[in-house]
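Keeping their order, the protein sequence lines are chains C and B. Under the working numbering, the final residue of the first sequence carries the number 365; numbering is consecutive throughout. Under the working numbering, the final residue of the second sequence carries the number 1477; numbering is consecutive throughout.
Please keep in mind that the hints were generated in silico from the structure rather than gathered at the bench. A few of these clues could be false.
[Unchecked claim] Dumping the calculated DMTMM-like pairs for lysine to aspartate or glutamate here, alpha-carbon to alpha-carbon at most 20 angstroms:
no. : chain 1 : residue 1 : chain 2 : residue 2
1   : C       : Lys-196   : B       : Glu-1110
2   : C       : Lys-228   : B       : Glu-1295
3   : B       : Lys-1014  : B       : Glu-1074
4   : B       : Lys-1252  : C       : Glu-75
5   : C       : Lys-352   : B       : Asp-1443
6   : C       : Lys-196   : B       : Glu-1228
7   : C       : Lys-74    : C       : Glu-175
[Unchecked claim] Computed footprint of chain B on chain C, listed as stretches where at least three residues anywhere in the stretch have a Cβ under 8 angstroms from a Cβ of chain B:
no. : segment
8   : 113-126
9   : 146-154
10  : 269-280
11  : 339-346
Glycine included, C-beta positions come from ideal geometry on N, C-alpha and C.
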Amino acid sequence: MMTPDSEAALAEAVEGAKDTLRIQGGGTRPIGHAEGEVLSTAGLSGIELYEPGALTLVAKAGTPVAVIEAALAKENQRLPFEPMDHRALLGTSGEPTIGGVVATNASGPRRIQAGACRDSLIGVRYVDGQGGVIKNGGRVMKNVTGYDLVKLLAGSYGTLGVLTEVGFKVLPGIEATATLVLHGLDVTRAVEAMSKALGSPFEISAAAHFPETGKTTLRLEGFEASVKYRMAQLRALLDGFGDMEEVLGNASKEHWVAARDVTHFAGVEGDIWRVSVKPSDAAGVIKHLPDGARLSLDWGGGLIWVVAPRGADIRAAMNGIAGHATCLRGNAATFHPESAPLAAISQGLREKFDPRGILNTGLMG
Amino acid sequence: MEMPAPDVKIMAKKARLVERLQAVLPRDAVIHDEAETRAYECDALTAYKCPPLCAVLPASTEEVAAVLKICHEERVPVVPRGSGTSLAGGALPTADCVILGVAKLNDVLETNYDDRYIRVQSGRTNLSVTGAVEENDFFYAPDPSSQLACAIAGNIAMNSGGAHCLKYGVTTNNLLGVTMVQMDGTVVEIGGAYLDAAGYDLLGVICGSEGQLGVVTEATLRILRKPEGARPVLMAFDDNEVAGACVADIIKAGVLPVAIEFMDRPVIRATEAFAGAGYPDCEALLIVEVEGSAEEIDEQLRKILDIAGRHNPVELRESTSAEESAKIWLGRKSAFGAMGQINDYMCLDGTIPVSELPYVLKRIGEFSRQYGLDVGNVFHAGDGNMHPLILFDANKEGDLELCEAMGADILRLCVEVGGCLTGEHGVGIEKRDLMFDQFKPEDMEAQMKVKDVFDPKWLLNPAKVFPLSVTETRRAG
Chain C
1 MMTPDSEAAL AEAVEGAKDT LRIQGGGTRP IGHAEGEVLS TAGLSGIELY
51 EPGALTLVAK AGTPVAVIEA ALAKENQRLP FEPMDHRALL GTSGEPTIGG
101 VVATNASGPR RIQAGACRDS LIGVRYVDGQ GGVIKNGGRV MKNVTGYDLV
151 KLLAGSYGTL GVLTEVGFKV LPGIEATATL VLHGLDVTRA VEAMSKALGS
201 PFEISAAAHF PETGKTTLRL EGFEASVKYR MAQLRALLDG FGDMEEVLGN
251 ASKEHWVAAR DVTHFAGVEG DIWRVSVKPS DAAGVIKHLP DGARLSLDWG
301 GGLIWVVAPR GADIRAAMNG IAGHATCLRG NAATFHPESA PLAAISQGLR
351 EKFDPRGILN TGLMG
Chain B
1001 MEMPAPDVKI MAKKARLVER LQAVLPRDAV IHDEAETRAY ECDALTAYKC
1051 PPLCAVLPAS TEEVAAVLKI CHEERVPVVP RGSGTSLAGG ALPTADCVIL
1101 GVAKLNDVLE TNYDDRYIRV QSGRTNLSVT GAVEENDFFY APDPSSQLAC
1151 AIAGNIAMNS GGAHCLKYGV TTNNLLGVTM VQMDGTVVEI GGAYLDAAGY
1201 DLLGVICGSE GQLGVVTEAT LRILRKPEGA RPVLMAFDDN EVAGACVADI
1251 IKAGVLPVAI EFMDRPVIRA TEAFAGAGYP DCEALLIVEV EGSAEEIDEQ
1301 LRKILDIAGR HNPVELREST SAEESAKIWL GRKSAFGAMG QINDYMCLDG
1351 TIPVSELPYV LKRIGEFSRQ YGLDVGNVFH AGDGNMHPLI LFDANKEGDL
1401 ELCEAMGADI LRLCVEVGGC LTGEHGVGIE KRDLMFDQFK PEDMEAQMKV
1451 KDVFDPKWLL NPAKVFPLSV TETRRAG
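Throw the hints in and build the complete structure from the sequences for me.
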């Protein structure tokens, strides 16, 4: 394992590599099957710039997420997209890094309101497959100068370049949070309730459904009086969707940390899948899941977490429904197959950014 | 601004090209008469004009694919055009190019309120996207000032923003999927009505690629439910720096307004003379707008006014009615028109870290004196996206060049303080040669490699974005 302690040393390591490299941040999201010597970014750590008044933060890629969240919390700010911590679900240990968050575009329940990781990402530096150091974007939140390679690198799983520095737009902290719990809805009714709430002006910041406990949960965040007001409005709006209960303060926060990290499936046997469809298609996918599959919904029904019996083909369950499925743990192909013209573009990009084909070979199609 | 010399070999085969295009399009969709092609000679950067070889107005994805396939075979450059509202010359033709206009692609294909998206053809105007859903109290968030005229295709090409993007983001944050035709005629579907597209974030790279990677014919856009209400407050200060500090404090306090707009004295005076919104005569004005229910608005405004009160304001003006709200916005909305009454102007849109605002405003004032050209500043302060308006006289010899030189100095300053050349208008031809100031050659090379993949022959809008000297060998194919 190589752990260079500077961007220049990392670039040298890539340039001098004789064989394939497995790019790793904290190693907590071992998604897919990459081969080769591990090249870790853990040696590139530290916040390089943080301007609370400008809502911007730039950090080296190997900086632990915890360090960034602590620095933000000190100024009562936060990462908008609530990055998921994969350790509980995937049974991994180690320290999640901010570079790993970006490489996997890890985004939590607030994605429906505040966007994904890529939406908050405003700048990157990376080392391409030949050891060249490239900069794109920067530290300002509106930037259309040249192509947006920032987005391209987000979620590229280290296959187009090794991230060395990432910059974010951050948001002010949240004064109050509350969760409305609806009891006893089936998937179809739950999605209806979530769609109704998300189509309201009451600024729902998360909407999830857990069939095993029969709970559908909707989160409100903001100033205390506003949360209280919207909670009352939301209850009135969803009158007729069954029993309701309010969860406030820390209990609300804890619920969403658990939902974000899918801890309800921690330690379970089987393959782990993540399916992305439009919410109204969720019930259609679920209907075709194999016997014994367990599931929960996030993003208002647009994200389905599935624990399936080993070897089950979840893509077949999608039955032509538009969307995609990623196999986070299991023997199936990790990433959803692309249409021929898209696969050609992806392959073309990969050949341009990493002509020797050494970066995380085996990931991304 | 220099443009590449037209290829005489292409000019010579105009007749054949027109004939081939007429074979795949209705006759009136191929515009080749020299008098008529003049309608496409420029966009909103009117200082530069050049009629194209011909213009086509396809009405479907299939027709776009047929046109591009022909142009690809004939090795003819294609310049895509939305509504021609680009301030950066993004749709400026060359004499040897085909303008591909999307004006006939303006249908709404699908609206879905449960899943909160709309699918439209890309020639539809920004405002009419909202128009299609507002009877159900929904809206499409990005709102560039040209929204009455500008097309979604152009919004995607330039990754357009607007006054409300502090809260709602820009085009790239609201785009879910596209149907796009590549230069060789291949049709690709990217993303869809679901939240995260599979594979590489191609939507992210297409957005803001200034029509150089493909022609988007259909788009799936996120729509949002309208807030219960919105209300602005106006704050006047006798010092730019203090106004800048007030912006930073508002942001730090945890209030997230939908808009924070800033105007300086030259713009305040010009808009007063033009629109008479009743603004106080002061050094700097902020318009801050918040959303929510009446009580929520009250609470947010109370916090904002508390903060502003600590910065020694000349005046704080709260709106108590829809008319008063409109009046607060009136001056801001007429700012560009007001400046245009005084003289011709060039509108820049460099972005800077918000903390650098006072310094940058001071330096712009110095440039103004140095060049002898007046400049007004009106911009989105919450996100640091500046809009200096440099006044010049287009009929006065040398004034345009002087103005461009001053603009270049201001943009270099934006880069120097950690910002960028353009926050929402795009590079086009206007800022092409300044790319050297923002990017190292290898950074530009990495971007151009993306175009190599999508358009290996460099036929789509080839003379834009990157300095001509950098793209020369690629364009020569």
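Hints numbered earlier in the text: which of these fail when held up against the supplied structure? none
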